[in-house]
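Peer 1: Here are the chains, one letter per residue:
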Amino acid sequence: MKTSTVNLRNLAIVIADPSSYWRRAIYGILRSFGANKVLEVEHSMDLIRILSSQKIDILLCDTQIHPHNWLKLTHMIRRNANNENRTMPILLMSSDTSERIVKSARDAGANMVVAKLMSPNILYDRLCWIAFNPRPFIDTSTYFGPDRRFKIEGYPGGVGRRKGDKVTTVAEEVGPTLAQNDIDSLFKTAAKETNDA
Amino acid sequence: MMPKSTDPEVRIFFANTRFEKMARRQGGVPREQALAQAQAKIDKLKSDFSSWLDRELEELNAALTKVESDSSDKSSIERAYRSCSELRDVGAAMGYELVTFIAENLCKIIAAIQTGATYEKDIVDCHIGAFMLARTDRYRHLSLEQVPEMASGLRRVVELASKTSARANK
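As you go down the protein sequences, you meet chains W and E in turn.
Quick note: the first sequence uses my numbering, first residue 2, plus one each step.
Quick note: the second sequence uses my numbering, first residue 9, plus one each step.
Since the hints were made in silico from the structure, they are not lab data.
There may be inaccurate statements among the hints.
Claimed, not checked - Facing chain E, from chain W, some residues (calculated, C-beta under 8 Å):
{"no.": "1", "residue": "L9"}
{"no.": "2", "residue": "D58"}
{"no.": "3", "residue": "F133"}
Claimed, not checked - Here are the simulated DSSO-like pairs of lysine-lysine, each with C-alpha atoms no more than 27 Å apart in a straight line:
{"no.": "4", "chain 1": "E", "residue 1": "K29", "chain 2": "W", "residue 2": "K56"}
{"no.": "5", "chain 1": "W", "residue 1": "K56", "chain 2": "W", "residue 2": "K73"}
{"no.": "6", "chain 1": "E", "residue 1": "K74", "chain 2": "E", "residue 2": "K129"}
{"no.": "7", "chain 1": "E", "residue 1": "K49", "chain 2": "W", "residue 2": "K38"}
{"no.": "8", "chain 1": "W", "residue 1": "K56", "chain 2": "W", "residue 2": "K38"}
{"no.": "9", "chain 1": "E", "residue 1": "K129", "chain 2": "E", "residue 2": "K82"}
{"no.": "10", "chain 1": "E", "residue 1": "K82", "chain 2": "W", "residue 2": "K73"}
{"no.": "11", "chain 1": "E", "residue 1": "K129", "chain 2": "E", "residue 2": "K171"}
{"no.": "12", "chain 1": "W", "residue 1": "K38", "chain 2": "E", "residue 2": "K29"}
{"no.": "13", "chain 1": "W", "residue 1": "K104", "chain 2": "W", "residue 2": "K73"}
{"no.": "14", "chain 1": "E", "residue 1": "K116", "chain 2": "E", "residue 2": "K74"}
{"no.": "15", "chain 1": "E", "residue 1": "K54", "chain 2": "W", "residue 2": "K38"}
{"no.": "16", "chain 1": "E", "residue 1": "K82", "chain 2": "E", "residue 2": "K116"}
{"no.": "17", "chain 1": "W", "residue 1": "K73", "chain 2": "E", "residue 2": "K116"}
{"no.": "18", "chain 1": "E", "residue 1": "K171", "chain 2": "E", "residue 2": "K82"}
{"no.": "19", "chain 1": "E", "residue 1": "K171", "chain 2": "E", "residue 2": "K116"}
{"no.": "20", "chain 1": "E", "residue 1": "K171", "chain 2": "E", "residue 2": "K74"}
{"no.": "21", "chain 1": "E", "residue 1": "K116", "chain 2": "E", "residue 2": "K129"}
{"no.": "22", "chain 1": "W", "residue 1": "K73", "chain 2": "W", "residue 2": "K38"}
{"no.": "23", "chain 1": "E", "residue 1": "K52", "chain 2": "W", "residue 2": "K38"}
{"no.": "24", "chain 1": "E", "residue 1": "K116", "chain 2": "W", "residue 2": "K104"}
Said to hold, decoys possible - Short, incomplete list of chain W residues facing chain E, as computed with Cβ under 7 Å:
{"no.": "25", "residue": "T6"}
{"no.": "26", "residue": "L12"}
{"no.": "27", "residue": "I30"}
{"no.": "28", "residue": "F34"}
{"no.": "29", "residue": "G35"}
{"no.": "30", "residue": "I59"}
{"no.": "31", "residue": "P90"}
{"no.": "32", "residue": "N122"}
{"no.": "33", "residue": "P135"}
{"no.": "34", "residue": "F138"}
{"no.": "35", "residue": "I139"}
{"no.": "36", "residue": "D140"}
{"no.": "37", "residue": "T141"}
All C-beta atoms in this analysis are idealised placements derived from N, C-alpha and C, irrespective of residue type, glycine included.
Let the sequences and hints guide you as you build the complete structure.
Peer 2: Printed below as a string of structure tokens:
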């Protein structure tokens, strides 16, 4: 990942987390990164209210948010064609990073999942990634969100046919909880890998 | 399979979000400085952990008191579970092993109550008592190996609670 500097000044950032402790931690981190417009919400109703009434530039949302389920919220944001926040980056935070959760997040249209107990440098790098490595949006009847293709899917038929096609490798299984690197690999696009060839 | 861009039912486009445009501007806080400042904030938060722990235990206690008087009170059970999960997660993040262990144990018990197990006051009180001990200066930074009797006692309590729950559900 590039070592870039991200400028968060005047960007409207929402932290949606039921934990006052985590909200305080992430607020402090974002302020340290230069953010000066950070909103915090504890409940999903407040989040919906904010998203309906103003332009938000990025959402950091915990998967424990309630009463609306995080998956439903992500779908709601991405599927609402009338909402100006439809293409806003959504970064989900979760202490449960099982493959099931991460894939659900990806398939709902989240840009990224960050494993909780995140350090400042992980959050910083993920913000840089979203800013400097934008993925195209895919709009179909069944999906709206960032391109979901990821490295381990490989080529149709399983074998690259072009001379420049790279060998695809599947990450080693690390158990039920994915490490941040493995989460990241589920969000990288195969297209970028092949274009680099 | 990736939809082809020529498929009329598929639209592929770059959103060019405001976040992307503005985040790339010059003039942001340099990375090293940003990270150092953020770490200082996290360290300050750690030093406030005791106050936070006390407030969270009060909330947990309040929710559990309601559950004790009405074990069908779903919203209080849910609140107790969330409070306990937070103690577990934040305890783990801040490196308080004992708090994390007690919270993890109590989460299992509350989860069982959510699925119909009886509220056992003695078992819950035992965990609250353990929290009260774990929050003190003497015990806060101890590992499980340093309090083997407490650890094995609480594990045994959860085992017994699970067996009782399983028998009740038959």
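Peer 1: Please flag the earlier hints that this structure goes against, numbers listed from lowest up.
Peer 2: Going through the list in order, the structure violates no hint and respects every one.
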